[in-house]
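**Q** Listed below, chain by chain, are the residues.
Protein chains: 2
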Amino acid sequence: MRLSRYFLPILREVPKEAEIVSHRLMLRAGMIRQESAGIYAWLPLGKRVLDKICNVVREEQNRSGAIEILMPTIQSADLWRESGRYDDYGKEMLRIKDRHERDMLFGPTNEEMLTEIVRAYVKSYKDLPLNLYHIQWKFRDEVRPRFGVMRSREFLMKDAYSVDLDFESAVVAYNRMFVAYLRTFERLGLKAIPMVADTGPIGGNHSHEFIILASTGESQVFCHSDYLGMDTPGSDVDFQDPAALQTIVNRWTSLYAATEEKHDEAAFEAIPEGQRLSARGIEVGHIFYFGTKYSEPMNATVAGPDGVERPVHMGSYGIGPSRLAAAIIEASHDENGIIWPEAIAPFRVGLLNLKVGDAATDAACEAIYAELASRNIDVLYDDTDERPGSKFATADLIGLPWQIIVGPKGLANGMVELKRRADGTRETLPVAAALARITG
Amino acid sequence: MRLSRYFLPILREVPKEAEIVSHRLMLRAGMIRQESAGIYAWLPLGKRVLDKICNVVREEQNRSGAIEILMPTIQSADLWRESGRYDDYGKEMLRIKDRHERDMLFGPTNEEMLTEIVRAYVKSYKDLPLNLYHIQWKFRDEVRPRFGVMRSREFLMKDAYSVDLDFESAVVAYNRMFVAYLRTFERLGLKAIPMVADTGPIGGNHSHEFIILASTGESQVFCHSDYLGMDTPGSDVDFQDPAALQTIVNRWTSLYAATEEKHDEAAFEAIPEGQRLSARGIEVGHIFYFGTKYSEPMNATVAGPDGVERPVHMGSYGIGPSRLAAAIIEASHDENGIIWPEAIAPFRVGLLNLKVGDAATDAACEAIYAELASRNIDVLYDDTDERPGSKFATADLIGLPWQIIVGPKGLANGMVELKRRADGTRETLPVAAALARITG
Numbered sequence: 001m002r003l004s005r006y007f008l009p010i011l012r013e014v015p016k017e018a019e020i021v022s023h024r025l026m027l028r029a030g031m032i033r034q035e036s037a038g039i040y041a042w043l044p045l046g047k048r049v050l051d052k053i054c055n056v057v058r059e060e061q062n063r064s065g066a067i068e069i070l071m072p073t074i075q076s077a078d079l080w081r082e083s084g085r086y087d088d089y090g091k092e093m094l095r096i097k098d099r100h101e102r103d104m105l106f107g108p109t110n111e112e113m114l115t116e117i118v119r120a121y122v123k124s125y126k127d128l129p130l131n132l133y134h135i136q137w138k139f140r141d142e143v144r145p146r147f148g149v150m151r152s153r154e155f156l157m158k159d160a161y162s163v164d165l166d167f168e169s170a171v172v173a174y175n176r177m178f179v180a181y182l183r184t185f186e187r188l189g190l191k192a193i194p195m196v197a198d199t200g201p202i203g204g205n206h207s208h209e210f211i212i213l214a215s216t217g218e219s220q221v222f223c224h225s226d227y228l229g230m231d232t233p234g235s236d237v238d239f240q241d242p243a244a245l246q247t248i249v250n251r252w253t254s255l256y257a258a259t260e261e262k263h264d265e266a267a268f269e270a271i272p273e274g275q276r277l278s279a280r281g282i283e284v285g286h287i288f289y290f291g292t293k294y295s296e297p298m299n300a301t302v303a304g305p306d307g308v309e310r311p312v313h314m315g316s317y318g319i320g321p322s323r324l325a326a327a328i329i330e331a332s333h334d335e336n337g338i339i340w341p342e343a344i345a346p347f348r349v350g351l352l353n354l355k356v357g358d359a360a361t362d363a364a365c366e367a368i369y370a371e372l373a374s375r376n377i378d379v380l381y382d383d384t385d386e387r388p389g390s391k392f393a394t395a396d397l398i399g400l401p402w403q404i405i406v407g408p409k410g411l412a413n414g415m416v417e418l419k420r421r422a423d424g425t426r427e428t429l430p431v432a433a434a435l436a437r438i439t440g
Numbered sequence: 001m002r003l004s005r006y007f008l009p010i011l012r013e014v015p016k017e018a019e020i021v022s023h024r025l026m027l028r029a030g031m032i033r034q035e036s037a038g039i040y041a042w043l044p045l046g047k048r049v050l051d052k053i054c055n056v057v058r059e060e061q062n063r064s065g066a067i068e069i070l071m072p073t074i075q076s077a078d079l080w081r082e083s084g085r086y087d088d089y090g091k092e093m094l095r096i097k098d099r100h101e102r103d104m105l106f107g108p109t110n111e112e113m114l115t116e117i118v119r120a121y122v123k124s125y126k127d128l129p130l131n132l133y134h135i136q137w138k139f140r141d142e143v144r145p146r147f148g149v150m151r152s153r154e155f156l157m158k159d160a161y162s163v164d165l166d167f168e169s170a171v172v173a174y175n176r177m178f179v180a181y182l183r184t185f186e187r188l189g190l191k192a193i194p195m196v197a198d199t200g201p202i203g204g205n206h207s208h209e210f211i212i213l214a215s216t217g218e219s220q221v222f223c224h225s226d227y228l229g230m231d232t233p234g235s236d237v238d239f240q241d242p243a244a245l246q247t248i249v250n251r252w253t254s255l256y257a258a259t260e261e262k263h264d265e266a267a268f269e270a271i272p273e274g275q276r277l278s279a280r281g282i283e284v285g286h287i288f289y290f291g292t293k294y295s296e297p298m299n300a301t302v303a304g305p306d307g308v309e310r311p312v313h314m315g316s317y318g319i320g321p322s323r324l325a326a327a328i329i330e331a332s333h334d335e336n337g338i339i340w341p342e343a344i345a346p347f348r349v350g351l352l353n354l355k356v357g358d359a360a361t362d363a364a365c366e367a368i369y370a371e372l373a374s375r376n377i378d379v380l381y382d383d384t385d386e387r388p389g390s391k392f393a394t395a396d397l398i399g400l401p402w403q404i405i406v407g408p409k410g411l412a413n414g415m416v417e418l419k420r421r422a423d424g425t426r427e428t429l430p431v432a433a434a435l436a437r438i439t440g
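Chains A and B, in that order, give the protein sequences.
In terms of the working numbering, the first sequence opens at residue 1 and continues consecutively.
In terms of the working numbering, the second sequence opens at residue 1 and continues consecutively.
Treat the hints with care, since some could be wrong.
You can't tell identical chains apart in this list, so a pair holds if it fits in one copy or across any two.
Stated by the list, open to error - Derived DSSO-like pairs (lysine-lysine); straight-line CA-CA distance at most 27 Å: (1) Lys97 with Lys138; (2) Lys391 with Lys47; (3) Lys47 with Lys138; (4) Lys97 with Lys126.
Hints were generated in silico from the structure; no laboratory data involved.
None of these values were measured; they are calculated from a predicted model.
Assemble the whole structure, with the sequences as input and the hints as a guide.
**A** Dropping the structure here:
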C-alpha cells in the first residue's frame with residue numbers, strides 16, 4: 001500500500017479523553033474513531049489489525065474442530081423469555097421495539113439463539129459432539145464506557161458453544177477450547193494465564209479466565225511465575241485425543257493462578273518466595289461449562305444410544321477481538337508507539353523513502369516494493385513528501401515490525417538501513433540482504 | 001471437511017413458508033435459519049458462501065483503490081439530525097433509546113457517519129481522491145420482510161463512499177466503481193447489466209442499478225440483448241487512467257437498458273426486433289453520485305489548491321452480499337438444487353464414499369481427500385453411512401461444482417466417477433485423471 005493513497009489520519013497531539021495508553025495510541029495511530037460513547041469506527045489501520053486477530057482466532061477454532069456460523073445481531077425477546085434471562089439481564093441489554101411494537105434486543109451474547117438452533121436440528125447423540133462459533137458484533141450498554149475499545153458498548157466477540165451428550169464429553173469439549181485458547185494467545189504474541197473463575201450455581205471447576213499481564217490491567221492477579229515460561233501446545237496437537245488434551249490442561253492448571261475474586265492468600269504463600277508473581281492483569285478470554293442451564297428450560301434434547309431423550313450439556317467460550325487489539329497494545333508498546341507482534345501487524349514492513357523525487361531513491365523503493373508484493377508481504381510504502389523525522393515517527397507510532405529506510409546517501413554505496421521496531425536495532429546492509437532478513 | 005463432523009442440517013421436505021426458489025433451496029440446503037421475521041442466522045454452508053462473496057467484492061474494491069474500514073452498526077440520532085434525514089427516514093429505520101435515554105438507531109446506511117469521518121480528518125485537496133468502504137450489517141425494518149435473505153430486515157451490505165474535490169474528479173471515482181462492479185459480478189458468475197436509475201433531486205445521469213436477469217426477478221427490465229455478450233474489463237484494467245475507465249463506461253452505457261420505472265417504449269422499439277430483451281430482473285448493486293448533499297449541511301469541506309474551502313463531492317456504492325447469495329441461486333439452479341459458480345461454491349469438490357467401512361474405498365477416499373487438501377482445494381468428504389442415493393441428492397442439492405464418486409466396483413478397475421454439477425456430465429476415469437481435471 002502506498003501511503004500517499006492510503007487513509008492514515010495520524011494525530012500528533014495526545015488525545016485528552018484517553019485515559020490508558022492503548023486508547024491514546026489507537027487514536028494517535030489513526031486506528032479508531034469514536035462515533036458515540038463506547039462506539040467506534042475502525043479506520044483502515046485498525047481494520048487490518050482486527051482482521052488479523054480474527055483470522056488467528058478463526059484458524060485455531062477451526063483446528064480444534066469448531067465450525068463457523070454467523071448469527072444475527074438483533075434477537076427476539078421471546079427467545080430470552082424462554083431462558084428467563086430477559087428480565088434478569090438488566091440495563092446492560094439494549095432493548096428495542098420494532099415497527100410492529102415487538103420486543104427485540106441487540107444480542108449481548110448468544111446462548112439462547114444457539115440453543116434454539118440446536119433444538120431445531122440436532123436430534124440424536126450421533127450428531128454430537130458439536131461446537132459452533134461465530135464472530136459477530138455484540139452490544140452491552142455499559143453505564144460508563146471507557147478505555148476505548150477495551151471496554152466499549154459495541155464490541156466484536158468470538159463466541160463458541162459446545163454441545164454434548166453428557167458431562168464427560170462436555171469436559172472433552174471444554175478441554176479442546178482450553179487448548180485452542182492457549183494456542184490462540186500464543187500466536188497473538190501474548191502470554192495468557194488460565195485462572196479459575198466463578199462458575200456460579202453450576203459449580204465444578206470448569207470455568208477459566210485467560211489473563212494477560214499488563215501494568216494497566218484492570219484487576220490484580222496472583223500466580224506462580226513458572227506460567228511465564230510454560231510451553232504452549234504445538235500445531236500438531238491432536239484435538240481428537242481426549243487424553244492428550246487432558247494432559248495439557250492438567251499441566252496448565254497444576255500451579256497456583258487466581259484473580260482477586262478467587263484469591264487464596266494461603267495457597268499463594270505456599271509458593272516459594274522467588275516464584276510468586278503478583279501483577280495487574282487484563283482478561284482476554286473466558287471459557288465456561290454451564291451444563292443444562294439453557295437446554296433444560298428451552299427443551300433442547302437429543303436421543304441417547306438408549307433412545308431416551310435428555311437435555312444436551314453445553315459450554316460457551318468467548319474471546320473479544322476488538323478488546324484484544326487494545327490489550328495487545330497495553331502489553332506491547334514503548335514511548336514512541338505501538339510494537340505489533342508480527343502475526344497481527346497491519347503491515348509487516350514499512351518502506352521509508354527519505355527523498356521522494358530523487359530518481360535513484362524512487363527507483364530503489366519501487367523495486368523493493370514490487371519485490372515484497374511479489375512475495376505477498378504486506379508493506380506500507382511511505383512515498384509522501386513528509387520530512388524524514390516525521391516518517392520515522394509515524395513508522396514507530398504505528399508499530400510496523402520491520403522498517404526499510406532508503407535514502408540517496410546509503411544508496412550511493414548500494415546500502416539501505418533495516419530497523420526492527422521491537423528492539424530498535426538498526427543495521428546498514430545491501431537491499432538483497434535486507435529483504436533476505438525479512439523473508440527469513 | 002468431513003461431513004460426519006460437519007453441521008449440515010439438510011431438510012428433505014420443501015419448507016412451506018418459502019415463496020421463491022432461492023429461499024426454498026437455502027433452507028433445504030441448511031444454509032440459513034430464520035430467527036425472527038426477516039432476520040436470519042447463517043449456518044456453516046451459508047457462512048462459507050457469504051464469505052466467498054465478500055472476498056470477491058473486497059478484492060475488486062481494493063483493486064479499484066477503495067480502502068476498507070469498519071463502521072459500527074449503532075449510530076447516534078444526532079448525526080442524522082445534521083443531515084435532516086432522521087425525521088425523513090420513516091419507519092424503516094430501527095430507532096433505539098439507550099439506557100441514558102439518548103436517541104440511537106441501527107444504521108440502514110452510512111452516508112452521515114462517513115461524512116463525519118471525512119469532516120474530522122480530511123482537510124486538503126491533497127488528501128483526495130478517497131474512497132472508503134465497509135462490509136457491515138444494516139437494518140431496515142421492512143413492513144413485510146419476505147423471500148428469505150433476498151429482502152430481509154438485517155442484511156449485509158458493502159457500501160463504499162467516494163470523496164472528491166469537484167464534479168469532474170467525482171465522475172472518475174464513479175467510473176472506477178462502475179468498472180469494479182462489472183468485474184465483481186462477472187467473477188460471481190453473474191451477467192449484470194447497468195441500468196440508468198433515478199437520481200432524485202441531484203439530476204444528471206450518474207446513478208446506475210446493476211440488474212441480473214432471473215425469471216423470479218422482482219421487476220420487469222428492458223434492454224438490448226448485446227449486453228449479454230459484452231466483454232467485462234480484465235484484471236489489468238488501470239484504475240488510475242480516467243480515459244480508459246470512461247471508454248469502458250461509455251461502451252457499457254451505449255445501448256438501451258432500463259428498469260420499468262425509467263422505461264422508454266419508443267427507445268426500446270428502436271432496437272432491432274431480434275435484439276430486444278424484456279425479462280424479469282433482480283437488482284444486485286446500486287451506484288450513485290450525490291454531490292454535496294451531505295457535505296454541505298454537515299460542513300465537510302476541504303481547502304482547494306487556491307486555499308478556498310469547499311464542500312466535498314461524494315457518491316455511494318452498494319452491493320448486498322447476503323442478498324447476492326440468494327440472487328445467484330435464483331440465476332443458477334435446477335430441479336435438484338443449487339448450481340454454484342466455482343468462485344463462490346462453499347466447497348469446490350464433493351467426495352462421495354459409496355461404501356464407508358470398505359477398506360479399499362475408505363483408503364482411496366482418504367488419499368483423494370489428503371491430496372485435495374494439500375492443494376488447498378475445499379472439499380466436503382461425505383464419509384457418513386447414508387445410502388448412495390441420499391449422498392447423490394445432498395451433493396446436488398448443495399450444488400458443489402465437482403463430485404468425485406468412489407465405490408468398490410469402480411475401484412476394482414482403478415476408476416472413480418467424476419460428475420460436473422453444472423451440466424450433469426459424468427465420466428469414469430482413474431483417480432489421477434479426475435484430480436487433474438479438477439485442478440486444471
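**Q** Checking an output row: Lys47 and Lys138, CA cutoff 27 Å. Within, between, both or neither?
**A** both (17 Å within a copy, 18 Å between copies)
**Q** Check Lys97 against Lys138 for me: Cα-Cα at most 27 Å, and say if that holds within a copy, between copies, both or neither.
**A** Both, since 18 Å and 16 Å are each at most 27 Å.
**Q** Under a CA distance limit of 27 Å, which applies to Lys391 and Lys47: within one copy, between copies, both, or neither?
**A** Intra 22 Å, inter 41 Å, cutoff 27 Å: intra-copy only.
**Q** For Lys97 vs Lys126, is the C-alpha pair at or below 27 Å within one copy, between two copies, both, or neither?
**A** The answer is neither: 40 Å in one copy and 45 Å across copies each exceed 27 Å.
This entry does not satisfy hint 4, going by the numbered hints stated previously; all others are met.
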